[in-house]
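Those protein sequence lines, which keep their order, are chains A, B and C.
If you're matching positions, the first sequence starts at 1 in the numbering used here and goes up one per residue.
If you're matching positions, the second sequence starts at 1 in the numbering used here and goes up one per residue.
If you're matching positions, the third sequence starts at 1 in the numbering used here and goes up one per residue.
Honestly, the hints are just simulated from the structure, not real lab data.
Please note: incorrect hints may appear among the correct ones.
Stated by the list, open to error - Covered by chain C, per the in silico footprint, the following chain B stretches (three or more residues, Cβ under 8 Å):
1. 260 to 266
2. 301 to 311
What the hints assert, rightly or not - Derived lysine-lysine pairs resembling DSSO-like cross-links, with alpha carbons at most 27 Å apart:
3. A:Lys-120 <-> C:Lys-244
4. C:Lys-54 <-> A:Lys-229
5. A:Lys-80 <-> A:Lys-120
All of these numbers come straight from a predicted model, not from anything done at the bench.
From the three backbone atoms N, C-alpha and C, an ideal C-beta is built for every residue, glycine too.
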Amino acid sequence: MISRLRRILSSRFLLPGAVVFGVALGGVLAFGVGGAQGAGQRETTYGHPSTIIYFYPPDSYIPAGQALFGTFCSSCHGPKAEGTSRAPNLVGVGPATVDFWVTTGRMPAENPNAIQAPRKPAKLSDQEALEIAAYVNSLGPARPGIPRVNVKDANVAVGADLFSLNCAACHTITGAGDELAFGTAAPSLRAATPTQVAAAIRTGPGNMPRFTGNLSDAQVADIVAYVTKYVQHPTNPGGFALGGVGPVAEGFVALLFGVGLLALVGYWIGERS
Amino acid sequence: MSSTTDTRTRRQVRAARGRYGRVGQIIDELDDRLGLAKGGRAFLDKIFPDHWSFMLGEIALYSFIVLVATGVFLTLYYVPSQAETIYHGTYAPLRGQRVTAAYASTVDISLDVRAGLLVRQMHHWAADIFLGAIVIHMARIFFTGAFRKPRELNWTIGLTLLVLSLANGFIGYSLPDDLISGTGIRILYSIVLSIPFVGSYLAFWIFGGNFPGNEIIVRLFIVHVLILPVIIGGLIGAHLFLLVRQKHTQFPGKGKAEDNVVGSPMYPTFMAKTTGYLFMITAVITVLGGIAQINPIWQFGQYQAPKISYAVQPDWYMGWLDGALRIMPSWEFTGWGHTIPFVVLLPAVIFPGMIFTLCYAWPAIERRFTGDSDIHHLLDRPRDRPKRTAAGAAMIALMFTLLGASATDVLANFFQISLNEVLWTFRVLVFVVPIVVGLFTWRICIEMQGGGASIGKRKRAVLMTRSASGEYRTVDTEPQPDDEHEELPPIPVPMHIEVGAPIGREDGQQPSGVRTVQR
Amino acid sequence: MEEDLPLPAASLDDPHLRESVRNPEGAERAIAVLLALGVLGVGLFGVAYVQNWKPWTLGLSLGLGLFFLGFGVTAWGKYLMPQGPFSEARHALRSARAEREAISAALVERTGVVVRRRRVLVGLLASGLGIFGIVALFPLLRSLGPLPGLTLTKTNWRRGSLLVDSTGRAIHREAIEPGGIVTVFPAGFEHDDQAAAVDQVVLIRVQLTDLVTEPGRSSWAPEGYVAYSKLCTHAGCPVGLYEKQLRLLVCPCHQSMFNIDDGAVPQFGPAPRPLPQLPLFVDHSGFLRAQSGFDQPVGPGYYERTTS
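Build the full structure now, drawing on both the sequences and the hints.
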């Protein structure tokens, strides 16, 4: 218990804002006082524990979360999140999954019949996402918690290496995303927050595979650092990146602005008759 | 030595130089030894047609010059080796990664060599533009029938230049050894492997063993910077030699005939225009190289066989092959202990072979069908040869449909539709589009025929008026001052074509436009 | 002087020698401005280079400088030089009949003397050159690389090979949860780029219970761990794209889609064959190992690939 607190304090992970800090403290206190959920679930870390903290919203959020769930989620997922013919069972998915889907704006879904819910501006606040996550998790406590990533000591080179091996096959090497099989798509990574990137890796939302035991927390933090520092803010000394979709856009520019412009110049130089 | 002898010598020298001074003397000395005067004068008088479509080949020629110049710069820094090294440059996400010397040096050129990125991007843009210019130049030659006798050989040389340039473009794209280009080489290996009987032997010999081997980069390098450029340069020389030898074709028009060439002389008019065009072509490539990022290999990382990025496409000029690979149904023959992967062999070996054979054979095919084996120097208007124009349009449509098919994923993503549906659409379009485009073009050509009277004349504006009762009426406008510019009959190039100051300006008596010529 | 020249001279007011603009002084001024801008641009490039400014400043300054120079020079040629049109006579390229016959005669007659009467010599020379041509191919081709032999049929997977990821970590039975994927190699070969090119395997945990992808493969996917060769059977790209809910492996290059539930049979796209499946077992320490190597060559098709 004390060692865990010390770990958190020594993690040099300064939460951006007192509210979130309070929430984290609340979570720790709730764990210490209540202990209703087994320690095995809470200490779900892979490898070095200081790089990612898996945060579980406190039980005090549950009533608010229940109300939100009733308003926004239960019509598809059922009153007890048990799932319906339209939407999957949410019991036992863990807070990270709920937080990911709500904070990326995918849930509540605009069109529940769509093959894949697209990312859009979040309808609910981060706080409300935590409350729903607390409620859903209370129905069937599970891991992983919401990953809070400390990228300060992360190695972006390791992250880049792992990204090209594990992530680029779908999201493309520039993180632009692309269309996959049968109407599904790998979304662009440009807008993802560190928590969302880590949550997606750990939970595998939708068609994305989940990466658990084969990526340590440190490695996930490396990937998160690479994505948030370089994929989202690419080094483009060469000028306009042309959407980062490679030769398709480049060929378009070469033919239209290169050959086309030069042919126009030739049209001006020469005679027309 | 006194100053008087010096003076006398100088005067003698000046006297010896004759009327045209130092230039005349140099010409005399050269002509004594090489006999250049007559041919040189003829070269200065060589006539280049003024029509704008004759400029397209120059885009290709000057892009090639830019390619050679920038390529030489790149060879000074590029290390053609797959030897493993640890990256220590300025780009943090690569620092400490195992990379090949080829990749590391290309990243260094991009990020650490001063002006290196500009030159590298210019080289890449120049390649994309080079191939594009070859294609539209070739289209002009095709649609106007410029490949007909006596120019079949130059058509063949030009086509060979296209094939070699395609190959060299692909090879150059592969040299950085980054993730995307490595995937391209992997596919190339599989294509070679698919050839019956000899495929696996060829693949092993080209790559020095099973993929990826340790040899391919250095071999591609020497092919890219020496073997193919020398052949391409030589063929360009032959292409231009034949052009000078056979003289230009020209569109029919006033004063233009099978036995002359009408246009601007090499010196000074054409030389000024073409030098300016060289500058402007280099300029467009330079601007693109400076502000439009192409192939940012530092973002892609080192190629390693298990790594892959989605949305991998070759450069645009290879896209038609990639598109053909994508839409091909999964046919593979297996039997008698052997496998023939038609799924790769057909689209990537047999299909391009057929396309290029058709292109090479086209002059002979057309001669067979039209029975026309006369010598032609006057060009066809595309509308006057509807079948040929339709065939060419269908071919271009086929190529661009296939190019589109190589971007199925990008298109599906852009238009938010299912990738599978896009692919099936292209499987249909690849047959439908060329046929529709061909028929449509043929029809349009037929419709447009008969307007032959306006050849070689400047168009005059047509005025459309609407009367108060809503009736529309078109009338030819009155001739404007600019229209008075009459089509002069062409004359041989005179010796003096320097234009003097107009003398009619001061007294206002001379009509404007008439100038005196200093003799 | 002019009278001596064989070439025609233009008369003083020949309209062919008019510039094609009506206001040459204005055109000259405009061209001067263009050329001055060009000089400015290329000069600015020098400054940008010396100051080591960003690439876009280099490209824009040099590019715009060259463009203005080119624009100016072209306009000079287009507007301030005689407009013509000028013509050049085109003579037939063909030679006189007698010339043609002379060269044909020389070729045929001389060849008749030196070649047709010396058939033995010609035969020997031809066979010498022919044999040289063939023999020269040996070093030209054969030295380039080894013969394929059985290389293409082999991987480094053996009975009992330990599955490790790219960093060399073995895969424990509990390491991966359903829906997880990892690229694995036989232990000892994970850092060998040459070996990895053929050995690469995707390991997917589909479920918690054994998975039977095809009849006869009942023991191949213990505890829901299924392993397929990562080399696409179409063109050899790594099939690294896994869609968990669709249960599809997709090739990022040409979008072949393989259903992982029934032996990676291609569902869509150009791939002609299923991905070869690697039979697995869990050893007594709980780590995943290969029961054997692949039962068929991995990767794209080639002529010597046997059908069984």
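Results for each hint:
no., hint, verdict
1, 260 to 266, "holds (count 6)"
2, 301 to 311, "holds (count 8)"
3, A:Lys-120 <-> C:Lys-244, "holds (22 Å)"
4, C:Lys-54 <-> A:Lys-229, "holds (21 Å)"
5, A:Lys-80 <-> A:Lys-120, "holds (26 Å)"
Checked against the numbered hints above, the structure violates none of them.
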